[in-house]
Amino acid sequence: MEAKPKRSLRLFIRDNGVPIMFLALCGLGVVASGKPLGFLLQETIGRMARNSFIVLSLVVPIVAGLGLNFAIVLGAMAGQAGLIAVAEAKVTGLAGIFTAIAVSFPLALLLGWGAGSIMNKAKGREMIAGMILGFFMNGVYMLVFLFGAGTILPIKDPKMILPQGYGLRNTVDLQVIKWALDNLLKVRLGPVSLPLATFAATALLTWGISKLFSTKLGQDMRAAGQDMRIAEVAGIQVDRTRMVAMLISTVLAAIGQILFLQNIGTLNVYDSHGQTGTFAIAALLVGGATVTKATVGQALLGTFMFHLLFIVSPYAGQNLLGSAMVGEYFRAFVAYAVIAFSLALHSLQRGKMAIRR
Amino acid sequence: MRVFSRLAMCVILVSVMLAGCAQQATPPEPGPGPEPVTTPAFKIGILTGTVSQGEDEYRAAEQVKAKYGDRIVHVTYPDNFMQEQETTISQLTGLAADPDVKAIVVCQAVPGTAAAIDKIREDRPDLPFIVVVPHEDVKMMEGKADLMFETNNLERGNTIVQLAKDMGATHFLHYSFPRHMAMELLAARRTMMEEKCQELGIEFVFVTAPDPTGPDGIPGAQRFILEDVPRQVAQLGKDICVFSTNCGMQDPLIKAALQEGAIFAEQCCPSPTHGYPNALGLDVQGIAGDMPKILQAIEEKVVAEGGAGRFASWPVPINMVFLRAGVELAMKAVEGEIELTDEAAIKAALEAEAGVPMTLTKYSPEGNFWLAVMDSVIFGKK
Chain A
491 MEAKPKRSLR LFIRDNGVPI MFLALCGLGV VASGKPLGFL LQETIGRMAR NSFIVLSLVV
551 PIVAGLGLNF AIVLGAMAGQ AGLIAVAEAK VTGLAGIFTA IAVSFPLALL LGWGAGSIMN
611 KAKGREMIAG MILGFFMNGV YMLVFLFGAG TILPIKDPKM ILPQGYGLRN TVDLQVIKWA
671 LDNLLKVRLG PVSLPLATFA ATALLTWGIS KLFSTKLGQD MRAAGQDMRI AEVAGIQVDR
731 TRMVAMLIST VLAAIGQILF LQNIGTLNVY DSHGQTGTFA IAALLVGGAT VTKATVGQAL
791 LGTFMFHLLF IVSPYAGQNL LGSAMVGEYF RAFVAYAVIA FSLALHSLQR GKMAIRR
Chain B
169 MRVFSRLAMC VILVSVMLAG CAQQATPPEP GPGPEPVTTP AFKIGILTGT VSQGEDEYRA
229 AEQVKAKYGD RIVHVTYPDN FMQEQETTIS QLTGLAADPD VKAIVVCQAV PGTAAAIDKI
289 REDRPDLPFI VVVPHEDVKM MEGKADLMFE TNNLERGNTI VQLAKDMGAT HFLHYSFPRH
349 MAMELLAARR TMMEEKCQEL GIEFVFVTAP DPTGPDGIPG AQRFILEDVP RQVAQLGKDI
409 CVFSTNCGMQ DPLIKAALQE GAIFAEQCCP SPTHGYPNAL GLDVQGIAGD MPKILQAIEE
469 KVVAEGGAGR FASWPVPINM VFLRAGVELA MKAVEGEIEL TDEAAIKAAL EAEAGVPMTL
529 TKYSPEGNFW LAVMDSVIFG KK
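Residue numbers (our numbering), protein chains in the order written: chain A, 491 to 847; chain B, 169 to 550.
FYI, nobody ran anything at the bench for these hints, they're computed from the structure.
Keep in mind it's a predicted model, so treat the numbers as computed, not measured.
Certain hints may be false.
So the derived list for chain A, only partly shown, Cβ under 7 Å to chain B, looks like this [unchecked claim]:
| # | residue |
| --- | --- |
| 1 | Ser704 |
| 2 | Glu722 |
| 3 | Ala724 |
| 4 | Asn758 |
Here are the simulated lysine to any residue pairs, SDA-like style, with alpha carbons at most 20 Å apart [as the list claims (entries may be wrong)]:
| # | chain 1 | residue 1 | chain 2 | residue 2 |
| --- | --- | --- | --- | --- |
| 5 | B | Lys233 | A | Lys649 |
| 6 | B | Lys307 | A | Gly755 |
| 7 | A | Lys649 | B | Gly535 |
| 8 | B | Lys530 | A | Pro653 |
| 9 | B | Lys307 | B | Ser532 |
| 10 | A | Lys676 | B | Ser532 |
| 11 | B | Lys287 | A | Pro681 |
| 12 | B | Lys333 | B | Val373 |
Cβ coordinates follow ideal geometry from the N, Cα and C atoms, glycine included.
Looking at chain B on its own, in the form it has when it is part of the complex (with noise of 0.2 Å):
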């Protein structure tokens, strides 16, 4: 039994210390004192991964921090997220906790929120979640989010190969390999851009490139790219654009279309951070995050080397969009403006964070999970 006096005694110890600096800490925080604080009246949570899970989402969270200040209390899930479900749903229950956080943005939905939902919604049942990307099952996490936002990937199979044709291509070259093509969504995309493309009367062109998790490496996937665009633009012809489903083909992708006149329409996860600062070497020294210059930049340089007309990206990366947007619509429900259920709202806020239209998708009639496509820029088009 003294093994229990011994823990007991440290249970007291703890709890004495944290009663000791709950007083302290108390003061600094704005939190729940006997009188409302004036302004601001209430906080959005954030939850993001870090630079190294996503960065394009960390960075959106610290621009709206940077816009509103205090009212942004922003926290991360672990980097080793499957593994550590318990610390997300904390973050995720530590941002409840606080009374005057009013609604909670989540960007990635990592596995642990919807738990973290349910646990918050014990105590706290009207508040207000908007999730990006869900990773649990859609189905479940439909049921419980508030509102939500994907990709529509498999969509993006008919607007790439629409885009392409009106960057004048009359064939479209598609590298893959087994293991993509073994994925469901994947492999239903390549069907539908083969079939667009025969909608169109492009000649569709499918291209096993080596698996970069292969034996060689990415080094041996990308030397495959960039050997293989010129025999393919020799014997097409120039007007043939080029796609690939994977992320790390995509700089030699770019590099090699650029150098023989073919045309690229998307990168596999459009973003202009994807591939053309590498593939242009771009210095984003002092630009980074900040979409308009780095767009700019890449202008001048596909421009520069002959590409007008011929390269294009979503604007802005569309995580980035989805998480401005979801702040932005989370204050205005939060101050009654509108519902989060109202289309017009969403689609607007989307569209004013991403400067470009964008096609929204309800995934099922009656849930509240919206999919989007964003309308690309071309670069150097008149």
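Isolated chain A (complex conformation) (with noise of 0.2 Å):
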């Protein structure tokens, strides 16, 4: 056991002074929505099982000194052309799943493979390299399902295909798998529903995540992560390194994107990963994580608050300030103020310690 300092409770606040502060704001929030706890669990519960997968993607590479990772949304893309794959191909169920994941795997692989090497070319640049890179990805995506659906891709459902005889429909029905994971073993408590399944995948993927790091790979990050210099002069295979958490990065984007989608239900072509690196940032950022330390336990806090907050929002602000509409600007003003102040905080206390160094 190590000899843990006496830390004064000054200490622990500023340390963790975001998730103490979401904390609150979610406690004042779940009081002003007036809204019955089996709703607000069995909604944060379907969020947490919707979200975790793909927030946990984001610590390997910010372990790896590759900071907050934008690019994972290159991750989301692939995913969702597996998912357009087993759409047109009506493969049903689990089977669809895995189908999804086979056939967006190797594209994670080049996707993520590309967006490692230009981040080995950005160094200390990742994190705006890798958010113009999703939208340069983006428009590739929209110029191959756009164009490129119904004449090179043989897609060839008419409900998937637009009535000019290519390009992809703005919305794909995932019927096929719709919840075939969520609904492989559910429990129901109460009036909250368990999807113990997915939370299965999620507890895998953070065992894995730990895992991961006591072993050789895993410490060469750390290094890499902490100096890439002194790792280096160690012998440690930066750039390779780096690669590596790329690439876990990407291919768990895209199988998180395909356990949110299977939740959902529907794929919206064109939009559906658009959401996805901003988000889930947000929910690490707000679980106490910072663009060089991020923990698999902050990972999943962050996830929870961050949703819990969105879902009583809206309600607290109608409550509290007697308008639909007003509960709408107060929603998107609490979380994204946070989302900044949580920014702004950690640059502040990077540097003060730069101060005291």
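Grab the two chains, each in its own frame, and use the hints to assemble them into the complex.
Dropping the structure here:
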């Protein structure tokens, strides 16, 4: 057992400012929303099941020193390509999910490799590079599915193709795999139903990530994340390690997006991936993670609190201010203000630490 | 493992708070008590955008809320609805979580609606959904919603030209630009207009205007309209009906048509509040949302400037009609008075809200998706 230094309450609050503030906000929001406990728990659990996997996919690149991986959008796109294939081939149930994963896997590897190569060339600017890469690939993705579907890609289902004969419709019904994993093992506890199989997948990933960090590769990632130069001197192949981290993250994001969409049940071909990056990152930050430090626990805690706040804040706004519309603005204001605050607080803390050194 | 214990602690803390507040929050809600609440026996849930996404729908929801009070539960979807589908879903499931809510009206049905309907139907398979302006794939939505409404924009290709003819037009001038003409619906409607003109013996004129998203922006496009309408009137005469596919062009189009004595049959998105108030310099303060008063104010101004019988619009924004009629239909359906598939009841409800006759077309024979066109009001027509 390591000897724990005695920490004052003030230090604890300073180090966990964002999660504490979010917890307080969640508490207030829950009280103000006036919604019954069962409903809130059910909604939060549903969103945890949907989102945890994607948020967890962000942990590895942070540890490897790549910062917040905005390029998980690429993984999400690969996942969606897999789902489109499954919807066309009508592979149902769990087999559908595994087929989607199998189809998206090589795509995710390819995209992850591309992203990793760019990240290795843009050291120190990974986050903005990842974000712009996401925008760029979004264009490629649009091109592929707006013009390639039905012409190069053999998609024939008239329910998926636009009447002009090429291009995917903006929504693809994922009835074939809808809730395939969620309903595999569903347990009802009073008003709340728990999709245990989905949580088991998340738990498996949690365990996998913890195990990864105790291997040689994981240690290399940590070392590269702390100081690339020293790691290099110590004989670690930094570029290769970073590449592996990107590959893992992109593949996990692809699987995460598949799990997310099997729960939603419809794929918005041109927009579904747009929301993955930002919200997953926001959730992670809310859990107390920073650009340089993230743990599995922070990811799960952040997902829980971020989504709880998103659920309660429109009701809280409506109840406190008496207008449906103001409730919506209140939600947007609170949610994004807190994200901005957590980023600002992080840089403030970093500044202070630098001064202390 | 320290993080797990911290996580567990936080989860427990929030759960305790949840439990605490749930007990506090229950009394004010007339919710699922053991004894049935007397009246109102049920509620109708409404989901609309905020005023920045669609003022008509929001105001219509406010109107029904004012009419029925606590029997209406009104929530909004996020402004950023493309990125925040999960919020749309949880807003809808939130409505359905109240067992007193017996029907839900969604206007407009932004992405996430289909997923929310599926999720809600898991627990409440009988909850009826009335869906206005589906954004997600229509074929898919048809299988999920109980009743759907949308404007029949294609059919307007016929009705607008017919109206122009009735108002005495000999020429029909269609302003648009390549980006719009690459949209399937708008291009098809233009072709329909051209054919209808031929049928009625009207000369169809197509003029390419600058794209408002182009380098000159909306001001450039508006300036073009203000300059081009007088040119066209000078060349082709006053009996020319002007039309544009772009919202930003409606103000200058109405203004120029009124000044030059041309004809204006309908806006791109027909509503008394679209284009007319700005073009005529009307102050709608105090009468916002009150369509009869706005119509009267427009009529007075149009007649005063010599445009009587040559300017028209739909009397009410159609989404307002859809939402209000949707709520009325939902209430009657819950009370067991009508079925949501009853065509006569649907038509009657829509026309009662619009105040003018409406033409309804079914999208596909097996579904319950209605495309509607409203009759117009011609200002200053005796």
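Structure versus earlier hints, numbers of those that do not hold, lowest first: 1, 2, 3, 5, 10
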